[in-house]
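Colleague: Please put together the full structure from these sequences, using the hints given.
4 protein chains.
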Amino acid sequence: MLRFGIVGTGRIGDMHARLVAMQPDASVTWCFDVMEDNAAATAAAVGGRATTDVDALLAADDVDAVLIATPTNTHVEMILRSAEAGKPILCEKPIDVDIEKVEACRQALEKFAVPVQLGFNRRFDPSHAAVQAAVASGEVGALELLVITSRDPGPPPPRPILEACGGLFRDTTIHDMDMARFVMGEEPVEVFTMAANRVDPVFAELNDVDTAMIVMRAESGALCHINNSRRTNYGYDQRVEAFGAGGMVRSNNHRPTEMSRHGASGTATRDPLLYFFIERYRAAYEGEIRSFIDSVTARTPPRVTFEDGRRALILSDAALESYRTNKPVKVDYS
Amino acid sequence: MLRFGIVGTGRIGDMHARLVAMQPDASVTWCFDVMEDNAAATAAAVGGRATTDVDALLAADDVDAVLIATPTNTHVEMILRSAEAGKPILCEKPIDVDIEKVEACRQALEKFAVPVQLGFNRRFDPSHAAVQAAVASGEVGALELLVITSRDPGPPPPRPILEACGGLFRDTTIHDMDMARFVMGEEPVEVFTMAANRVDPVFAELNDVDTAMIVMRAESGALCHINNSRRTNYGYDQRVEAFGAGGMVRSNNHRPTEMSRHGASGTATRDPLLYFFIERYRAAYEGEIRSFIDSVTARTPPRVTFEDGRRALILSDAALESYRTNKPVKVDYS
Amino acid sequence: MLRFGIVGTGRIGDMHARLVAMQPDASVTWCFDVMEDNAAATAAAVGGRATTDVDALLAADDVDAVLIATPTNTHVEMILRSAEAGKPILCEKPIDVDIEKVEACRQALEKFAVPVQLGFNRRFDPSHAAVQAAVASGEVGALELLVITSRDPGPPPPRPILEACGGLFRDTTIHDMDMARFVMGEEPVEVFTMAANRVDPVFAELNDVDTAMIVMRAESGALCHINNSRRTNYGYDQRVEAFGAGGMVRSNNHRPTEMSRHGASGTATRDPLLYFFIERYRAAYEGEIRSFIDSVTARTPPRVTFEDGRRALILSDAALESYRTNKPVKVDYS
Amino acid sequence: MLRFGIVGTGRIGDMHARLVAMQPDASVTWCFDVMEDNAAATAAAVGGRATTDVDALLAADDVDAVLIATPTNTHVEMILRSAEAGKPILCEKPIDVDIEKVEACRQALEKFAVPVQLGFNRRFDPSHAAVQAAVASGEVGALELLVITSRDPGPPPPRPILEACGGLFRDTTIHDMDMARFVMGEEPVEVFTMAANRVDPVFAELNDVDTAMIVMRAESGALCHINNSRRTNYGYDQRVEAFGAGGMVRSNNHRPTEMSRHGASGTATRDPLLYFFIERYRAAYEGEIRSFIDSVTARTPPRVTFEDGRRALILSDAALESYRTNKPVKVDYS
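Protein chains in written order, with our numbering: chain F, 1 to 334; chain Y, 1 to 334; chain G, 1 to 334; chain V, 1 to 334.
I should point out that these hints are in silico values taken from the structure, not numbers from a laboratory. Hints may contain errors.
Copies of the same chain look alike in the list, so a pair counts if it works inside one copy or between any two.
Stated by the list, open to error - Calculated lysine to any residue pairs in the SDA-like style (CA-CA distance at most 20 Å, straight line):
{"id": "1", "residue 1": "Lys327", "residue 2": "Glu190"}
{"id": "2", "residue 1": "Lys327", "residue 2": "Gly221"}
{"id": "3", "residue 1": "Lys111", "residue 2": "Pro302"}
{"id": "4", "residue 1": "Lys330", "residue 2": "Arg311"}
{"id": "5", "residue 1": "Lys327", "residue 2": "Val189"}
{"id": "6", "residue 1": "Lys327", "residue 2": "Glu219"}
{"id": "7", "residue 1": "Lys101", "residue 2": "Phe306"}
{"id": "8", "residue 1": "Lys330", "residue 2": "Arg3"}
Quantities reported herein were computed from a predicted structural model and do not represent experimental measurements.
Modeller: And the structure:
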C-alpha cells in the first residue's frame with residue numbers, strides 16, 4: 001500500500017487524489033493546500049489528514065510518496081523540499097515556465113536519489129499510447145510525418161490563470177512537444193513557428209498568442225507539425241497521426257457516447273467531443289498514477305522523467321523564440 | 001458494338017439508355033415509348049430513332065439487344081415479343097407481380113434460346129457485391145446471420161404508381177429477397193413477416209403496408225432479417241450485414257461527399273444519404289449494363305436470370321402470405 | 001454513506017463490490033459467499049467483513065442495502081430473506097429462469113415495503129441510454145422500427161454455466177427484451193422466433209440454441225427485431241437502432257481506444273470491440289449502482305423494477321415458445 | 001454542342017477526351033498527339049479525327065474549344081497558339097514550371113480576348129468543394145487554421161517524368177497551394193518549408209525532395225499547413241480541414257466501396273483509398289469540364305483562371321526557396 005501526500009488540492013490536485021484513492025494498492029494519508037477548505041474537502045472525499053503546513057506532510061511517517069499539484073511557480077520549491085524529505089515525487093507539468101529555474105532544480109536534484117515522475121499524462125492515454133506503440137514496433141516503418149492537432153475548448157481561462165501560465169507555448173504546446181518526443185522516439189532539432197491572435201483580445205493584451213502552427217525537424221529527417229488553438233466550439237480536439245512507408249496510425253477524438261443521429265439535416269452526427277482534460281484524459285491520469293505507483297513499488301525508473309519535462313520546455317521556448325524572431329530555431333538541449 | 005433498342009423511355013428507361021450510350025462498346029439505335037415525346041427526348045440525348053411502334057424496333061436489323069423498362073404489367077408481353085424476335089433481353093424487375101403470369105412466361109420462354117437478364121441492379125453495387133464476394137470466399141465462415149436494411153426515402157410515390165406496383169413486398173422487398181439469395185448462396189425455405197401501416201394512410205387505403213420486418217431461414221440454418229420502410233427523412237437507407245464464425249462484413253450507406261462537420265451541436269456530421277435508387281445505385285446500374293453487354297458479347301449466361309426474378313417473387317409472395325395469415329410460410333419454388 | 005452487504009462475491013459480485021467502494025457516498029461493510037476464499041478476497045479489496053453466513057450479513061446493523069449476485073437459482077430466496085430483513089435490494093438479472101418462481105416471489109414481496117432494483121445494467125449504458133432518451137424525447141417521432149444486435153464474444157461458457165443459465169433466451173435475450181421495452185416505451189404484444197445451432201455442439205446437446213432472430217410487435221404497431229449469437233470473433237457486439245419519421249438514432253459498439261490503422265491491406269481499421277460485459281458495460285454497471293444509491297437515499301422508486309424483470313422473462317419465455325412451436329406467440333403479462 | 005479539339009492524348013488527355021464525350025452538350029471532333037497511335041486510339045474511343053498536326057486542329061472550323069494536355073513544357077506554346085486561333089482554352093496544370101515563361105505568357109495573352117481555364121481539378125471535387133463552400137458561407141467563422149494533407153500513392157513515377165516535373169513543390173504541392181488559396185479566400189503572404197528525402201534515393205539524385213511540411217500565413221492571420229509525401233502504401237491521401245470559431249469542416253478520403261470488415265485482428269476495416277488522381281478525382285475532372293463548357297457557352301469567366309495558375313506557381317516557388325534557404329519567404333505576386 002503506497003501512502004500519498006497530496007501537495008496542492010485545487011481542481012487538478014483533487015482529481016489526482018481521487019484517482020489515487022481508487023487504486024487498490026494506494027491510499028491518501030495527507031492533503032496539503034494553502035486554502036484550508038480545499039485541503040479539508042479533498043481529505044473528506046478520499047481520506048487522510050488535511051493540513052496547511054506542507055512541512056508536516058513531508059515529515060509524516062505515513063507518507064511514502066508525494067503528488068505535487070500546486071501552482072506552477074511553486075513546483076520547483078515543492079520538488080526540492082520533497083526530495084530533501086526523501087519522498088518519491090509525481091509532479092504536474094510544467095516543472096516551471098523559466099528554464100533557468102528548471103536548470104537550477106536539475107542541478108539541485110543531483111544530490112538526492114529520489115525518483116521524479118513528470119505529469120505528461122497524455123503518454124498514458126490509451127489512444128495516443130497505441131500510436132506510440134505502433135510506431136515503436138515499426139508498424140509504420142521509419143517515421144516520416146507526425147501531425148499533432150491540439151485545440152482547447154473555449155472560452156479562454158480567467159486572466160490571472162493566463163498571466164501565470166507562461167503563454168500558449170509553455171502552457172499548452174508543451175504537452176504536444178512531449179507527445180512529439182514520445183512518438184518520434186528522437187529529439188526535434190529545429191523548430192519554426194507561425195502564430196496569431198484570433199480567439200480573444202486578452203491573449204494579445206498579455207503579449208501572448210492563441211493560435212499557432214509549428215513545424216519541427218528531427219535528426220533523422222522526420223518532420224512534425226503541431227497546430228494549436230485556445231478555443232474550439234466542439235470540445236477538446238486531440239489527435240496524433242503518424243505516417244511512414246508502412247502506413248499511417250492515428251488516434252482520434254473521444255466522445256461521451258457511441259450514439260449517432262441520422263436526420264434530414266445530416267447523418268452520422270456524433271456528440272461534441274469530451275469537454276476538456278479532466279474528462280478526456282481521465283484514463284490517462286489514472287494510467288499515470290498507476291505507472292508511478294508501479295515504478296515506486298518496483299524501484300524502476302519513472303516512465304516520464306524530469307529530463308522529459310526540461311526538454312519539452314526547451315522545445316516550447318524554441319517555438320516561442322521562433323515566433324518572436326520569425327526564424328527557424330535550432331534546439332540546444334545541453 | 002452492341003446496338004440497343006430501349007423499350008420504354010420513362011425515367012428509368014431514359015437512365016438506362018444514357019448508361020448504355022456511355023459504354024465504349026455499345027450504342028442506342030432505337031428508343032420506343034408509347035409517349036412519343038418521351039421516346040424522342042431519350043433518342044435526342046443518346047442517339048437512335050424514336051418510335052411509338054415496338055414492332056418496328058424489334059424488327060430492326062440494327063438492334064442487337066433490348067432493354068425493357070416499360071410498366072411492370074407489360075414486362076411479360078415485351079419479354080415474349082423480344083424473345084420471338086430473337087433479341088437478348090435485359091428486363092427491369094419485377095418480371096410481373098402475378099406469379100401465374102411469370103410461370104406462364106417461363107414456360108413460353110422455353111422454346112426460345114434467348115438470354116434474359118433480370119434487373120436486380122443491387123447485385124452490381126460495389127459495396128453490396130463486396131459483401132457477397134467476402135461471404136462467397138469464406139471470409140466470414142458459414143453464414144449465420146444476414147441483416148438487410150432497406151428503407152426508401154419519402155414521401156410515398158404517387159397513388160397510381162402505388163396501385164400498380166404490387167404492394168411493398170413485390171415492389172420493394174423483392175430487391176431484398178434477391179439480395180438475400182445472392183449473399184446467402186442458398187434458398188430461404190421459410191418466411192415470417194410482421195408489418196404495419198405507419199407512414200401514410202394511402203398505403204392502408206390500398207390494402208398495402210409501409211413498414212415491415214421479415215425473418216427467413218435457409219436450409220443450412222442460416223437466418224436472415226429484412227426491415228423495410230417506405231419513408232426515411234435522411235435518404236435511401238441500404239445496408240447489408242453478413243455474420244459468421246469468421247467475422248462480419250457490412251456494406252454501409254453512400255453519400256454525395258466525404259465531408260464532415262464539427263460544431264457545438266454535434267461532430268462528424270455527414271451529408272444525408274444519396275436520395276434514391278437513381279443516385280445511390282448509379283454504379284450498380286452501370287455494372288448491370290456492363291455485365292449484360294459482356295455476357296451477350298461472350299455468349300455466357302447472364303449473371304441474374306429469369307429464374308432469379310421468379311424466385312424473388314415467390315419469396316415476396318411468401319412474405320405477403322405470412323403477413324396476411326400471421327403464420328410462417330414454407331417456400332415452394334417448384 | 002450507504003453501507004452495502006454484498007451477497008455473492010463471484011466474478012460479477014466482486015466487480016459490483018469494487019464499484020460500490022469507489023462511490024464517495026457508499027461503502028462495503030459485509031461480503032458474503034459460500035466460498036470463504038471468495039468472500040475474503042473481495043473483502044480484502046474493498047473493505048468490510050467476510051462471511052459465509054448470509055444471516056449474519058442480513059442481521060448486521062451496518063448494512064443499509066444488499067447487492068445480490070449469487071447464482072440465479074438462489075436469487076428468489078435471497079430477495080425474500082433480504083426483504084424480510086428490511087434491506088433495500090439491488091439484484092442481478094434474471095430474477096429466476098422459472099416464471100412460476102418469479103410469480104410466487106412477486107406475491108411474497110407484496111407484504112414488504114422494500115425497494116427492489118433489478119440488474120438490467122444496459123439501461124445505464126451511456127450510448128444505449130442516449131438512444132432511449134432520443135426516442136423518449138420524440139426526436140425520431142413515433143417509433144416504427146427498433147433493431148437490436150446482441151452477440152456474445154466466444155467461445156461458449158463452460159457447460160455447467162450453460163446448464164444453469166436457462167438457455168439463450170432467458171440468459172442472453174432477456175437483456176435485449178428489457179432493452180426493447182426500455183426504448184419502445186410500450187409492451188411487445190406478439191413474438192416470433194427463428195433459431196439455430198451454428199456455434200458449438202454443446203448448445204444442441206443441452207437442447208438449447210446459439211443463434212436466433214426474433215421479431216416482435218407492440219400495440220402501437222411498432223416493430224422490433226433482435227438478433228443474437230453466442231459467439232463473435234471480434235468482441236462483444238451490442239447495438240441498438242431506433243427509427244421513425246423523425247429519423248434514426250443508433251448506439252454503436254465500444255472499443256478500448258480511438259486508434260485507427262491505415263495500410264496496404266485496409267484503412268481505418270479499429271481495435272476489436274471490448275471483449276465482454278465486464279469491460280463493455282463498466283460505465284453501465286457504475287451507473288446502475290449510482291442510480292440504486294440515489295434512489296435508496298432519496299426514497300424514490302428504483303429505475304428498473306422487479307416487474308421489469310418479470311416482464312422481460314415473460315418475453316424470453318414467449319421467444320422460446322415461438323421457437324419450439326414455430327408460431328407467433330401472443331404475450332400475456334397478467 | 002461544344003466541339004473540342006484535344007491537344008495531347010496521353011493518359012490524362014485521353015481521360016479528358018472521354019469525359020468530354022460523355023457530356024450531352026459537348027463532343028470531341030479532333031485529337032492531336034505527336035504520337036500517331038495515341039491520337040488514333042483516343043479518336044477511336046470518343047470520335048473525331050486523329051492528327052499529328054496541331055495546326056490542322058487549331059484551324060478547323062469544327063473546333064470550338066481546346067483542351068491542352070501535352071507535356072508541361074509545351075503548355076505555354078499551345079496556350080498561345082490556341083489563343084491566336086481564337087479558341088477558348090482548358091489547360092492542364094501547371095502553366096509551366098518556370099515563372100518567367102508564365103509571366104511572358106501572361107503578357108502575350110493580353111492581346112487576345114480568349115478565356116483560359118486552368119486545370120486545378122480539385123476545386124471541383126465534391127468533398128473539397130463542400131469544405132470551401134462551408135468556409136465561404138461563414139459556417140466556421142473567420143478561418144483560423146487550414147490543414148491540407150496530400151500524399152501520393154507510391155512507388156515514385158519513372159525518372160524521366162520526375163526530371164521534367166519541376167520537383168515536388170511545382171508538381172504536387174502546387175495543387176495544395178491552389179487549394180489553400182481556394183479555401184482561404186485570400187492570399188498567403190509568407191511561407192516556410194521543411195522537407196526531406198525519405199521515400200526513394202531517386203529524388204535526392206534529382207536534387208528534389210519527397211517529403212515536406214509547409215506553414216503559411218495569410219494577411220488576416222489565418223494559418224495554413226500542408227504536408228506532402230511522394231508515397232503511401234494505402235492509396236491517395238487527400239484531406240482538407242478548415243477550422244474557426246464556428247467549428248471545423250473536413251473533407252475525408254474516398255474509397256471504392258462502403259464495405260467494412262470486422263474480425264479478430266481488427267474491426268471497421270475499410271478498403272485502401274482510391275489509388276490515384278484518375279480514380280480519386282474522376283468526379284472533379286468531370287466537374288471541371290462541365291464548368292468549362294458552361295462558362296464558354298454562357299460567356300462567363302472561367303472559375304479557375306490563368307492568374308490562379310500563376311499564383312499557385314509563385315507559392316510553390318516560395319516553398320522551394322524557403323526549403324533551400326531555411327528561411328520564411330515573403331510572397332510577391334506582382
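Colleague: Between the shortest in-copy and the shortest cross-copy C-alpha distance, which are at most 20 Å for lysine 327 and valine 189: within, between, both, or neither?
Modeller: both (14 Å within a copy, 16 Å between copies)
Colleague: Check lysine 327 against glycine 221 for me: Cα-Cα at most 20 Å, and say if that holds within a copy, between copies, both or neither.
Modeller: both (19 Å within a copy, 17 Å between copies)
Colleague: Since the copies are identical, ignore which copy is meant and state whether lysine 330 and arginine 311 lie within 20 Å (CA to CA) inside a copy, between copies, both or neither.
Modeller: within (13 Å within a copy, 31 Å between copies)
Colleague: With 20 Å as the alpha-carbon cut-off, assign the pair lysine 330 and arginine 3 to within, between, both or neither.
Modeller: Classified as neither: same-chain Cα gap 43 Å, cross-chain 58 Å, threshold 20 Å.
Colleague: Using 20 Å as the alpha-carbon threshold, which applies to lysine 327 and glutamate 190: within, between, both, or neither?
Modeller: both (10 Å within a copy, 12 Å between copies)
Colleague: Are the CA atoms of lysine 101 and phenylalanine 306 at most 20 Å apart within a copy, between copies, both, or neither?
Modeller: The answer is within: 13 Å in one copy meets 20 Å, while 57 Å across copies does not.
Colleague: Should lysine 327 paired with glutamate 219 be assigned to within, between, both, or neither, using CA atoms and 20 Å as the limit?
Modeller: both (19 Å within a copy, 18 Å between copies)
Colleague: Is it within, between, both, or neither for lysine 111 and proline 302, if the alpha carbons may be no more than 20 Å apart?
Modeller: For lysine 111 and proline 302, the Cα distance is within 20 Å only inside one copy (18 Å; across copies 60 Å).
The structure does not agree with numbered hint 8 stated previously, though it agrees with all others.
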